[in-house]
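With the hints as a guide, bring the two chains together.
As a plain string of letters, each chain reads:
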Amino acid sequence: MARMKFLCDAERCIECNGCVTACKNEHEVPWGVNRRRVVTINDGVPGEKSISVACMHCSDAPCEAVCPVNCIYHNDEGVVLHDKDMCIGCGYCFYACPFGAPQFPQEGAFGMRGKMDKCTFCAGGPEADFSQAEFEKYGRNRIAEGKLPACAEMCSTKALLGGDGDVIADIFRNRVTVRGKGAEVWGWTTAYGRPESKGQSATPQQEKKS
Amino acid sequence: MNANIRAAAFCAFSAVLALGLAACGEKPQASVYQEGKYQGKPDARPWDNPRYKGDKLAWEKDIKARNAGQNEYARQGQ
Numbered sequence: 001m002a003r004m005k006f007l008c009d010a011e012r013c014i015e016c017n018g019c020v021t022a023c024k025n026e027h028e029v030p031w032g033v034n035r036r037r038v039v040t041i042n043d044g045v046p047g048e049k050s051i052s053v054a055c056m057h058c059s060d061a062p063c064e065a066v067c068p069v070n071c072i073y074h075n076d077e078g079v080v081l082h083d084k085d086m087c088i089g090c091g092y093c094f095y096a097c098p099f100g101a102p103q104f105p106q107e108g109a110f111g112m113r114g115k116m117d118k119c120t121f122c123a124g125g126p127e128a129d130f131s132q133a134e135f136e137k138y139g140r141n142r143i144a145e146g147k148l149p150a151c152a153e154m155c156s157t158k159a160l161l162g163g164d165g166d167v168i169a170d171i172f173r174n175r176v177t178v179r180g181k182g183a184e185v186w187g188w189t190t191a192y193g194r195p196e197s198k199g200q201s202a203t204p205q206q207e208k209k210s
Numbered sequence: 001m002n003a004n005i006r007a008a009a010f011c012a013f014s015a016v017l018a019l020g021l022a023a024c025g026e027k028p029q030a031s032v033y034q035e036g037k038y039q040g041k042p043d044a045r046p047w048d049n050p051r052y053k054g055d056k057l058a059w060e061k062d063i064k065a066r067n068a069g070q071n072e073y074a075r076q077g078q
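Same order as they appear, the protein sequences are chains A and B.
Quick note: the first sequence uses the numbering used here, first residue 1, plus one each step.
Quick note: the second sequence uses the numbering used here, first residue 1, plus one each step.
In isolation and in its complexed conformation, chain B is listed as follows (with noise of 0.2 Å):
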């Protein structure tokens, strides 16, 4: 009987004890601002993706060959 009591209060105190730590693993969820500065989440480049694995080149190139693609003046010919 003794040690059933036991083995409740030890049960008993193992969860208060989880309970009162578990705050302490909370990341702080407010922000310092700095004023002038962006606050938010940093930004990949536009090619530094599963896409163009960092080959910032090809991605100028299909850049500038869609930039292109919007003069009609310069498809006339093609």
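Looking at chain A on its own, in the form it has when it is part of the complex (with noise of 0.2 Å):
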């Protein structure tokens, strides 16, 4: 098994905000945080782009890189997730994640920072599987259940797609080849690399550039 991943086709996604109310949905998750959302680029300008963004799962993911606690994780198919009982709340992770995927729920009476919440692909956390400590601190475990994020299973044009890198990166190359167009995946190479051969671009933009 390859290591998990997103990805969203900017090409089909219509904005419906589906992937956002699945996620809410599924995890029961609190006013105020929001683990999966939709960006609009040029925003009622024909030609619109939007994409889904949540957590991305970098394969050498800042957030993990700068935690002072060493709360984050990477389990075994590549997810990353954390630990609540640790995390101290500093934000540092906020700052690092380049998709501004971690969210911090208010708490107390003066607005306090609580613990980090993020996307975690559905796999739960470090808690017994199905057991209501992870469900209530993490949500809920599809991954145990052999299910993909509710997110991606519900979305109406499978813009977003999510699991196994190869097979989802199969679909989408397979997807560009049959309509022609729409290679470029927004998030792509700052998630997962940059080609590192010589004279070899990172995105199709800077390969007209140049």
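Honestly, the hints are just simulated from the structure, not real lab data.
Hints are not guaranteed to be accurate.
Think about it this way: if two alpha-carbon atoms lie no more than 27 Å apart in a straight line, the pair counts; the simulated BS3-like pairs of lysine-lysine are [claimed, not checked]:
id : chain 1 : residue 1 : chain 2 : residue 2
1  : B       : K37       : A       : K24
2  : A       : K115      : A       : K24
3  : A       : K137      : B       : K56
4  : A       : K147      : B       : K56
5  : B       : K41       : A       : K24
6  : B       : K41       : A       : K115
7  : A       : K49       : B       : K27
8  : A       : K24       : A       : K181
9  : B       : K41       : A       : K147
10 : A       : K158      : B       : K61
11 : A       : K147      : A       : K158
Estimated spans, in silico, between C-beta atoms of each pair [as the list claims (entries may be wrong)]:
id : chain 1 : residue 1 : chain 2 : residue 2 : range
12 : B       : E26       : A       : E28       : 32 to 42 Å
13 : B       : E26       : A       : N174      : 54 to 64 Å
14 : A       : E107      : B       : E35       : 20 to 30 Å
15 : A       : A109      : B       : G54       : 40 to 50 Å
16 : A       : E15       : B       : E35       : 38 to 48 Å
17 : A       : V33       : B       : G69       : 21 to 31 Å
18 : A       : W31       : B       : Y73       : 36 to 46 Å
19 : B       : K53       : A       : T40       : 27 to 37 Å
20 : A       : A128      : B       : N2        : 56 to 66 Å
21 : A       : N174      : B       : K61       : 18 to 28 Å
For clarity, every value in this text was computed on a predicted model and none was experimentally measured.
Built from N, CA and C at the ideal position, the CB exists for glycine as well.
As structure tokens, then:
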């Protein structure tokens, strides 16, 4: 099994926010916390593009690197998770994340920052699988149920793909080949690294400029 | 009367002793941080639960089926 990844196809996303709703509902995410959101670029202008953004489960996760208490980890499927019992709510991970994935619920009378909450790829966290503690802290563990993230599985246009990185990359590659356009995947190179060989640029836009 | 005082003193001494030793059973609450290593609780594998009972192949089969289900080009002919 390869690493679990998300991939959002900007050519297909229609900004329905179904993924956001599915995530909120599946994990009973509290008010003010959005593990997933839809971002629209050039909103209202012909040719606008929308993309669904959450934790990209980076292979070399900046949040994991900056966490002062080392409470963030990768599981064997490449999913970035964290231990809420250790989190001190400092917010370093939020500053480090290029996608704004870490969320902080407001707690207490003065709006104090609570423990970090983020997309778990529906893989729960370091508590017993299917336990009440796991659900309350991290949400439902669909991965342990043999399912994929709710946001990707219910996406009506299948713009949002989630699962084994090799498989979803193949699905997307096939899609681009069939329709003949839309190879640029927003966020892909940021999350999954840039080509290392010289003379090879990271994105088609950079290719055109050079 | 003397016996009553002695009993009360014994009770008070026992209580003080119990309270005094209560902290001896306390677990250390401070983590020892090792830089660059995850310090939290270990997580279970997705197939180590009552549903899959450690059957990794069954779990992988289910995940592969779900992965493939996202490809509508493959589903068209079914």
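Worksheet item: Within 18 to 28 Å or not, the Cβ separation of N174/A and K61/B?
Response: holds, 22 Å
Worksheet item: Within 27 Å, alpha carbon to alpha carbon, are K115/A and K24/A?
Response: Since the Cα atoms of K115/A and K24/A sit roughly 18 Å apart, the hinted pair holds (cutoff 27 Å).
Worksheet item: Hey, K147/A versus K158/A, does the alpha-carbon distance stay inside 27 Å?
Response: holds, 16 Å
Discussion item. Would the hint linking K37/B and K24/A be met if the CA-CA limit is 27 Å?
Written reply: violated, 31 Å
Discussion item. Verify the CB-CB distance for E107/A and E35/B against the hinted window 20 to 30 Å.
Written reply: Check passed, 28 Å falls within 20 to 30 Å.
Worksheet item: Holds or violated: are the alpha carbons of K49/A and K27/B at most 27 Å from each other?
Response: Not satisfied, since the Cα-Cα distance of roughly 54 Å exceeds 27 Å.
Fill in: Range hint compliance [Cβ, A109/A to G54/B, 40 to 50 Å]
holds, 47 Å
Fill in: Distance restraint between K147/A and K56/B, which requires alpha-carbon spacing of 27 Å or less
Roughly 14 Å separates the two Cα atoms, so the pair holds.
Fill in: Agreement of K41/B and K115/A with the hint, judged by alpha carbon distance not exceeding 27 Å
Measuring from Cα to Cα gives roughly 16 Å; hence the hint holds.
Item to complete: Assess, step by step, whether the Cα of K41/B is no farther than 27 Å from the Cα of K24/A, and give holds or violated.
Response: Within the cut-off at roughly 25 Å; holds.
Discussion item. Between the beta carbons of E26/B and E28/A, is the distance compatible with 32 to 42 Å?
Written reply: 35 Å Cβ-Cβ, so the 32 to 42 Å window holds.
Practice prompt. Kindly confirm whether 54 to 64 Å is satisfied by the beta carbon distance between E26/B and N174/A.
Written response: Roughly 60 Å apart at Cβ, these two residues keep to the hinted range, so it holds.
Comparing the model with each numbered hint stated earlier shows that hints 1, 7, 8, 19 do not hold.
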